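Trainee: Line by line, the protein sequences give chains A and B.
Going letter by letter, the first sequence gives residues 290 to 809 in this note's numbering.
Going letter by letter, the second sequence gives residues 63 to 427 in this note's numbering.
No wet-lab data here; the hints were simulated from the structure.
From a predicted model like this one, the values you see are computed outputs, not experimental measurements.
Mixed in with the good hints there might be a few duds.
Stated by the list, open to error - With a Cα cut of at most 27 angstroms, we get these calculated DSS-like pairs of lysine-lysine:
#	chain 1	residue 1	chain 2	residue 2
1	B	K79	A	K691
2	B	K286	A	K701
3	A	K691	A	K537
4	A	K701	B	K285
Unchecked claim - Residues of chain A clear of chain B, computed beta-carbon distances all greater than 10 angstroms:
#	residue
5	V430
6	Y434
7	T559
8	S655
9	D763
Even glycine gets a Cβ: it sits at the ideal position worked out from N, Cα and C.
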Amino acid sequence: MSNTSHEVASGPYHSGGAAPSALSAHSVSKRFPGVLANDSVDFDIQPGEVHTLLGENGAGKSTLAAMLCGLYQPDSGYIARNGQRVVLSSPRAGLQHGIAMVHQHFRLVDRFTVAENVILGSRNLSFVLDRRSINERVSEVAESYGLPIDPTATVGDLSVGQRQRVEIVKALYQGAEILLLDEPTAVLVPAEVEKLFENVHAMTQAGKSIVFISHKLGEVVEISDRVTVLRGGKVTGHVSGRGATDTKDLARLMVGRDINLGTQRASHPTGHEVLQIRDVSLNVNGVNVLSNISFNVHEGEMVGIAGVAGNGQKELADTIAGLLSPTSGSISIGGATATDRGPIHARELGLAYVPEDRLGMGLVPSMSILDNLLLTRDRHIVVDRASVRPEATRLIEQFEIKANGPDHLARKLSGGNAQKVLLARELSGGRTATKLLVVCSPTRGLDVGAIETVRRLLDDARSAGQAILLISEDLDEIMSLADRILVLYRGSIAHETPGETAQIATVGAAMAGLTTGVNG
Amino acid sequence: MPAPFRIVFEQRAETPKYLSALVPLISVLAALVAGALFLTATGYSATDTYKNMLDDGFLTYRGITETLGLSTVLICTGIAAAFSFQMNLYNIGGEGQLYLGMIGGAWAGLALGPHLPSFVMIPLVLIIGSFAGAVWIFVPAFVRARLGTSEIVTTLLLTYVASSLLKHFINTPDSFFRAKNVAFPQGRNVADSAALSPIGDTRLYPTFFVVVALALFLYWLVKKTEFGYRIQVIADSPRAAHYAGVSANRTTMSVMLLSGALAGLGGATLIVGPFARLDQGITLLGYGYAGIVVAALARNNFAGIIVSGILFAGLRVGGEKLQISTDTPKHIGVMMQGAILLFALGGEAFRRYKIRAVRMKAVAQ
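With the hints as constraints, model all of the structure from the sequences given.
Mentor: Below, the structure written as structure tokens:
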């Protein structure tokens, strides 16, 4: 297998005379049933370097990372540590070679303290734990990399960003020299991302190597020394980072074509009010999740709800969709009251709802695409699948869903295709034509290509006159799509601004609870 | 080099269709091998024992009709168990609901039988028996749907209550169900109009065909109807059900009540069929519990339950005969059932994983 198609590489790959790479993979291949996940992939990282693995879902970056840390073994090719060929038969073996992975889904025990989580899995512990000295050592390790954390705090009480820090401290405590961070920014808010980047810098200064696994172009360019782009299990480019490469070029290497994620706003003047929310409050178990929310969404308008996760976004969406009953206030869709009438009534008024949780709430994983289309529609006593089948086939084609046909199971779809199925069902109308579309984090975890498609679909729906409420933690997305932006902070609307003139700093500050008021 | 191979479990992307049929088959074979080892170790001839069991359970006219007769009730309790299991509801009290089905059916046969013709009575006994089974599961179903109380505990414990109730009806001197003028406490025979005649000189009753048709009907119900659709949605993702406005409470109630009714129907088939009276011997037979095993072996597939029900009935019939014709203990049949279940559950791993021996790579450190 030749590597001739590679683009700019910062230095010769199997560097002959120079110091050996901290960690390298040499023509590694890995096959899973039905896919060649890695096809003779080369990779290397130097001490103190940040090297990003960039690629869409299914491009093979997670597989490569799993082989680098010992979770999988390559079918062919080999891994070398400091130039020495090694066999990493398990993550523990990886750890013994100083390689640790921080998974996207944290592997922490919520009921344990930070220190207890950090020492979990350590082999050289005394039978009776000396908590004080353990706490001190954990603090020491944490602070030496600028990752201050209270070792006595219970993990269950920590924010997502802090939990991630615990995972990193754990890896460092176990002696990791090379850290693989799997989509580390996926769960973080902008301020936390910045903090993480500072930590990454502190760690590389101390000679640690960081393998960053990501599909977000912007941050990749910002943080990496080098980038290895994967597509379809093959390396499509080794390029330099730190702004030396244009994001457009990266996107092309990643997707194989040009990508447009530019700004899109309503092209027509907006029409009548479709959704009216008046003084809606929601109290769950004595906690005010929503307080006195009022706003409208008009025909042909997209209103974006920005905010850090857990400020009432999910509850707001569920309340509009009739899944939760507001404690007070009223909701109307298309002029008819929808307050406390249940999800079927809301849908009869023209609501469509794309929940954040695609598989498990929006779609039934063990069911086919066809059956999932029936989920929010009228079903006869004997389910008439034959009459829906042509429509299913048409939607699969129209929404460019990669599937073997209407009988393809939802759980076997990729994230992007699952989202397309969900959008196809919700946009195509069920009981009545869709008037109001509530979408939550529609592009979370999706490939660049799929993000482009989903954004286009939402824009098309807006142009067709549907009222859209876009609830997302992805501020960039809201900034580039919404006609009006509302910031939700602790269950109240903390800020409102037109999308055209919105300032990211002002909106970001409102998300963090630093300002209140309208048109700030 | 020592241990040049290691065993690797690889998850399958897709389970091939043939494996779904092959795994249960191999499980049965593996159980036979395990049983053979046990028989040989305890001094019996495995081949003779198996030959006798096969002949007496399946291959002779007498044997196969006995087997099909017994399978009637096992298919009933099997579909009862599977109907709840497929929605992740675990009604393991089919045994108790079966007793209630017998009590309800016997009551109908005794109280109404003398006044009604056979073509009314037979369906009536079956319906009242099913109803009694549903009544018995009503409280567990209600508290499960409303409060989330574990149906496993409630249905199991109610089986003991049902067993006492059955014994009470037979042993109480003036009981309506007790045979008069017989010193030994036993049930009174139902009216002739409430008892079916077996087919020819066998102990196979027409209820067998009713039950097979019912199993096939349930198969259709789950695959093709809105009710079956709802069951699948709730079983897989309760939150998707909530999202789509599908009421989990109502469906939980319906499924549990139907499950109880099916077990009750099993009891009622014993009234119109071989028993024709309340008989406390039923508490020693464990037909209700056997239904759980029958359902598990068929992986809750209603059509598959017909096959696994007949298989288990054959093992029991063959095992019983062993005791009579040879000195081999009849418990070998029960042991074989346990072994089959064990291997079938273990065999699940083969459906989901590919197991391979991998040559260890040379390690150059």
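Trainee: All the hints need checking, so say for each whether the structure fits it.
Mentor: Outcome of the hint check:
1. A threshold of 27 angstroms between alpha carbons decides the hint, and for K79 of chain B with K691 of chain A the separation of about 23 angstroms falls inside it, so the pair holds.
2. Distance hint between K286 of chain B and K701 of chain A is fulfilled; the C-alpha atoms sit about 22 angstroms from each other, no more than 27 angstroms.
3. Between K691 of chain A and K537 of chain A the CA atoms are separated by roughly 25 angstroms; this keeps the pair inside 27 angstroms, and the hint holds.
4. For the given pair, K701 of chain A sits about 20 angstroms from K285 of chain B by alpha-carbon distance, which is consistent with the 27 angstroms threshold.
5. Under the 10 angstroms C-beta cut-off, the non-interface status given to V430 of chain A relative to chain B holds; the minimum distance is some 29 angstroms.
6. At roughly 30 angstroms from the closest C-beta of chain B, the C-beta of Y434 of chain A stays outside 10 angstroms, upholding its exclusion from the interface.
7. T559 of chain A, annotated as away from the interface, keeps every beta carbon of chain B farther than 10 angstroms; the closest lies near 28 angstroms.
8. With 10 angstroms as the threshold on Cβ separation, the claim that S655 of chain A sits away from chain B is violated: the shortest Cβ distance comes to roughly 5 angstroms.
9. Look at D763 of chain A: its CB is around 22 angstroms from the nearest CB on chain B, clear of 10 angstroms, so calling it non-interface holds up.
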